[in-house]
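K.L.:
Below are the chains, spelled out letter by letter.
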Amino acid sequence: MSIFKCSLRIIAAHRGYILIYLFLLSMLGLLTGFSSGNYNSQLLEDVPTVAVVDRDGSVVSQALTDYVESSGEPEPLDDDKRAMQDATAQNRIQYILIIPAGYGDAFFDAARQGQDAPVLDTIVSYDSASGSLMDVRTRAWLDQVYAHLASGTAGPEGAVGLADEAMTQEAQAELITPDGAPLPDSLVVFAKFSTYPLFAFSVVAVSTLTTALGRRPVRSRINAAPVGGLPRSTGVLCACLVVGVVGWAWIMALGITAFGLEHVSGSAPLLGVLALALFSYVLVASAVGFLLGQLGLGENASNAVANIAGMTLSFLSGAWVPVDYLPNAVITVSRFTPCYWVNQAINGAADPTLTATGSLATLVGDCGVCALFAAAILGVGLALGRSRSSTSL
Amino acid sequence: MLTIGSYQVLRLLRDKVLLVWTLAFPIIMSLIFMAAFSALDDSYEADPIEMGVVQDDAYEAAEGFDAFIAALSSEQDGTHLINTHRYATAHEAETAAKNGDTVGYIEVEDGTPVLRVLPNDSAANTVPVLRAALDSYEQTRAQYAALAAQGAGPEQIAAMQVQHVSTQRAQITESPSSPTVRYYFALLAFACGMGMHISMLAVQEVVAGSSPLGARRTLAGIPRWKVLAGTLGAAWLGILVCLLAAFWFIRLVVGVDFGAHTGMCHLAIGVSSLLSCTAGAALGTVRGMRTGVVSGITCLLSLFTGLYGTAAQELADTVQNSLPLLAQLNPLWQSAHCFFSLLYYDSLAPFAHSCAVMGAMACLFLSIALVRMRRMSHEHL
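Residue numbers (this note's numbering), protein chains in the order written: chain A, 1 to 393; chain B, 1001 to 1381.
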């Protein structure tokens, strides 16, 4: 027990790491969670930010401007190149339509003669489909106007009015309410981001402890103490576990308080899976910290490993970018990392169909795979520690 | 001064952990980005999804709707959006969706198509496109009805199916926009932040109160300014070399396009490394400053450059658009913005502005550091 208490005192003496890696980095996760949109509602209603540069001022161009601005979220934009570059580089406007001078007359003439209408320049953001879909709607509106002008049944004002009326005809779209209450997106984003602070904190704190206990004079004194090897090792391992549990409890408490308080009762099983997934990852991180301590790496090296490995694992597993973005080869490689299985479990917990199909066991299995990584790494650490202690004697 | 500088460089090069932070870290992360984003362009494509279709009387009565669904399901055309699963009732289709067999279903209600989908990330690319296609079906039908009402004949209506309207994507920025370069620019800015480790450590070894070594070097029989200039110069050189190595690795091995002004990127790296050096020097004068604090500061500032994936980029964009002054106060944002300016703007004014801001920040940090480093009175020893 005294070894356990002493270990906790050592960790408490390095409270700066708790402040930086756990508190500060988890706050970053909190910010990220708050800023993440509601993807479910965006699935059907992703309204792009739009701007129209109308250099024509004709009936057709004004009506087109009105249509585009009513279909998207209009943003002010000056008619100069620098302003457009700003908007594009800063990703402020997802769809910019440029209507050149004389377009209305040229469009009218082309429609009456059955020729192709003048081509319009557009600037479409790369990072979402909504800008491209806005372009499709623009072309559809122009097609409608063209058709009415070409048929000779209406003038520009009439054609524009008919096109506006036809474009109000839209298919309905609704979200199906799943049987089980899904976890909120912001909590899922927070949990995925938190894989990094959890890993970095646990690795640095545990490795600092084991490094401190592993210094030769300290180790010699501990070995000479009238305490058996089993209670001594148990005390240290329990302290390592406490470090992980503290980090896990902080992240869970923060996430539930900020994003999921109203979901505690409604989707308790899914929340449980999420908690279990993060806990299994904390076990891995603590085991890695223990291993680094046994290797005798210094404080700076532990920091470097914790950050580099933490970011790498979070990135490769799809915790920070969607798995769909990753090529198959990377996904195959990431299967050999614990964070992949954690991410699979969290993604499963965010999938509303799973409670209906009883697939929670699969998610628990994913957490189990992650825990096996922890067991393997801890085994290596223990073997290394045993080898080092026998060598030093 | 040169002797001090050269020994300082040797001392920094021998610290492998420092090299890990400032050199190995960006190289490792850029390799990971390279692997992770090699299929990014494909990820924006609308892949076919499993979709239920309620084939009841209303469906049969909707004119041309079956042919429209067949076109969306056809693997031969370029419009393959759905793999169709047909159900007799909406209840069956909904049950199938909730069981995970399909993403959702389409039915016809009062002659209008209705799309019902489960909230599911895997269909995020395709569902908006599918909805736009259904809208198009409705709008085309309304258009034909309006033309017929206006007295257009069947031949005229049939002729309307030929597309006469088109748009083209204009290239307004100096180089084409790419979703991946942002990660590399943020990574370079992060490496710049991590460079503070080098100057912080170097300064800690010449400040009187930090260590016995610092006390000895403070009392050395060399003018203080030479010690400080040699130490800071060596730290700047170390950061500069590491950043240049990372930059050229990203440019040559990873193949990231830095635009037409690649030469000017060296200036951006020079100013960024100077800022990193002076900020680290200022931090190094704080008693008890540890590497963990520097890492924490860098990690925090990197959140607002969008390094940590798509959610972090949304946050960074929100801050940048709603609180631009706050975003510009972030030295790492300025560093990343330097590269953005060179890539996207044809004018060098935005780049010069970022460089000037970083230069001013560097002067501020250097002033703080020098004021604190020159203290040699007894109470500071």
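One thing to keep in mind: the hints can contain errors.
Chain A side only, calculated, beta carbon under 10 Å to chain B, not exhaustive [stated by the list, open to error]:
hint, residue
1, Thr138
2, Met167
3, Thr168
4, Glu262
5, Phe336
Keep in mind that the hints were calculated from the coordinates and are not lab data. Note that the structure is predicted; figures quoted are calculated from it, not measured. Here a beta-carbon is modelled for each residue, glycine too, at the ideal position from N, C-alpha and C.
K.L.:
All the hints need checking, so say for each whether the structure fits it.
P.N.:
Cross-check of the supplied hints:
Restraint check, Thr138 (chain A) versus chain B: the minimum CB separation of about 7 Å is within 10 Å; hint holds. Look at Met167 (chain A): its Cβ gets to within about 6 Å of chain B, closer than 10 Å, so that hint holds up. The restraint placing Thr168 (chain A) at the interface with chain B holds, with a minimum CB-CB distance near 8 Å, inside the 10 Å limit. A hinted interface residue such as Glu262 (chain A) counts as satisfied when its beta carbon comes closer than 10 Å to some beta carbon of chain B; here the least separation is about 17 Å, so the hint is violated.
Because the closest C-beta pair between Phe336 (chain A) and chain B is about 14 Å apart, greater than 10 Å, the hint is violated.
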